[in-house]
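*Asks:* Once you've looked at the hints, dock chain E against the given chain F.
Protein chains: 2
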Amino acid sequence: MKVLTIAGVGPGDPSLLTLAAVEAIRESTVVSYPVSTRGGDSLAEKIASKWITKDKKKLPLYFPMVDDQNTLKSAWRVAGNDLMKMVDKGERVVFLAQGDISLFSTGSYLSKELEKYHPECVVKLIPGVTSFSAAAAKSKLPLAFQEEELLVLPVPDSYDELKSILSDAASKKRVVVLLKLGKKWEWVKLLLEELDLIKISIFAERIGFSDQQILRASDLPSGTRPYFSLLLIRQSWPLTMP
Amino acid sequence: MKVLTIAGVGPGDPSLLTLAAVEAIRESTVVSYPVSTRGGDSLAEKIASKWITKDKKKLPLYFPMVDDQNTLKSAWRVAGNDLMKMVDKGERVVFLAQGDISLFSTGSYLSKELEKYHPECVVKLIPGVTSFSAAAAKSKLPLAFQEEELLVLPVPDSYDELKSILSDAASKKRVVVLLKLGKKWEWVKLLLEELDLIKISIFAERIGFSDQQILRASDLPSGTRPYFSLLLIRQSWPLTMP
Chain F
1 MKVLTIAGVG
11 PGDPSLLTLA
21 AVEAIRESTV
31 VSYPVSTRGG
41 DSLAEKIASK
51 WITKDKKKLP
61 LYFPMVDDQN
71 TLKSAWRVAG
81 NDLMKMVDKG
91 ERVVFLAQGD
101 ISLFSTGSYL
111 SKELEKYHPE
121 CVVKLIPGVT
131 SFSAAAAKSK
141 LPLAFQEEEL
151 LVLPVPDSYD
161 ELKSILSDAA
171 SKKRVVVLLK
181 LGKKWEWVKL
191 LLEELDLIKI
201 SIFAERIGFS
211 DQQILRASDL
221 PSGTRPYFSL
231 LLIRQSWPLT
241 MP
Chain E
1 MKVLTIAGVG
11 PGDPSLLTLA
21 AVEAIRESTV
31 VSYPVSTRGG
41 DSLAEKIASK
51 WITKDKKKLP
61 LYFPMVDDQN
71 TLKSAWRVAG
81 NDLMKMVDKG
91 ERVVFLAQGD
101 ISLFSTGSYL
111 SKELEKYHPE
121 CVVKLIPGVT
131 SFSAAAAKSK
141 LPLAFQEEEL
151 LVLPVPDSYD
161 ELKSILSDAA
171 SKKRVVVLLK
181 LGKKWEWVKL
191 LLEELDLIKI
201 SIFAERIGFS
211 DQQILRASDL
221 PSGTRPYFSL
231 LLIRQSWPLT
241 MP
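Protein chains in written order, with full-length UniProt numbering: chain F, 1 to 242; chain E, 1 to 242.
Next comes chain F alone, as it looks inside the complex (with noise of 0.2 Å):
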């Protein structure tokens, strides 16, 4: 039987995978990870380090950040095979993606390209845990009490739209988590002054890497910020707190 696992290993902090992560590594012998540039460094390879052993092999896999449907195609077509080729060689073959695997994961786009291009394959999917829920943690900001809701969304194109989000919020009792602000904190940045929300959003990049940031959102300068940094906007409490 072909069997292939994809497997999150949290957002940064290695001591975030989960027992499944590291056994499914252990019991690899090909350890397979994305990366964003040709012989660049894999975020999630580095997470998961110290459990890729110097006897496995290593299978980077390319998938560019790019809008083009033939390119990504072609690159979703390009990495399945290659897996299944390492799978058909009768190797036990581990993919793993940074986070979760099913939240904005190039995990979830592989598990459906298996799923079309090669249906004869098993794959399993190991979740792990997600960015949000890691920044939640070290800020101390809870992402949701019992009766509140919980959106999540990469920061969205226009200055309206996220104005409309935010309002939208306010009026739901919603937290909202902004992912992969990046280039957009400019003019993200004067619609939370503008708002009065930029004193309590939390802003957060590369969580559980050495050089985390996590600070509120009033703190941190104009400029761009990396691609893998959030913000977290709780606009209300509930009424019944201790």
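For the record, the hints were derived by calculation from the structure and aren't laboratory data. Just to be clear, a hint being listed does not mean it is correct.
As the list makes no split between identical chains, a pair holds if one copy fits it or if it spans any two.
[Unchecked claim] The calculated lysine-lysine pairs, modelled on BS3-like cross-linking and capped at a C-alpha distance of 30 Å, are:
| id | residue 1 | residue 2 |
| --- | --- | --- |
| 1 | K2 | K140 |
| 2 | K57 | K138 |
| 3 | K46 | K138 |
| 4 | K112 | K140 |
| 5 | K140 | K180 |
| 6 | K173 | K183 |
| 7 | K112 | K180 |
| 8 | K180 | K50 |
Bear in mind the structure is a predicted one, so any value in this text is a computation, not a measurement.
*Replies:* This is chain E only, laid out in the frame that chain F set:
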């Protein structure tokens, strides 16, 4: 220095504990966890039971599932004091909560209780894998692709409210996770049928336990479901897919 750890133990499968949670239990002398009835079972304790060795003292804490503000506040106060008594005795204390400690978790209330009434105590929070990430992995239904949104909330109280949430989600490429389905399944089922969403909705209960159920909502009969049951509702897929 006074220190206390609050650790998420994931949704049910013991292999979804993080290395950090296991280490926190190993290093502890007292393992605490929530119970919703006095003398009753604790899911968090059950999930982590393999790691709660006989040398550990156990401290179940009672968190009643009621709405009354005074009853809740009093329970949080007692729990916080009981934990601090242990810490003051020099015990190394870890409190375990199901899933992630920032999402619909007793851990969030406890963390705020300690922050307010025992500010001298350093509280360390260890995030965990959520039930919906585990359900998504098991059912192979990605929670969000790159440009999508994820909304997580308890099932609202009314038919019309849920209808509006689902229609809003459809227009915004937003996947919806509905938690704590419990007694509401009866009317939620009718609504999903009305909106023609019953066949694409995934139902999950007791994820990771030996009696877990994950199935299409259309295959689930009417009637009350457990408190810890959920629905994943993805109404559309990205244009660019494998």
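*Asks:* If you check each hint against the structure, which ones fail?
*Replies:* Nothing - there is no hint that the structure violates, so all of them hold.
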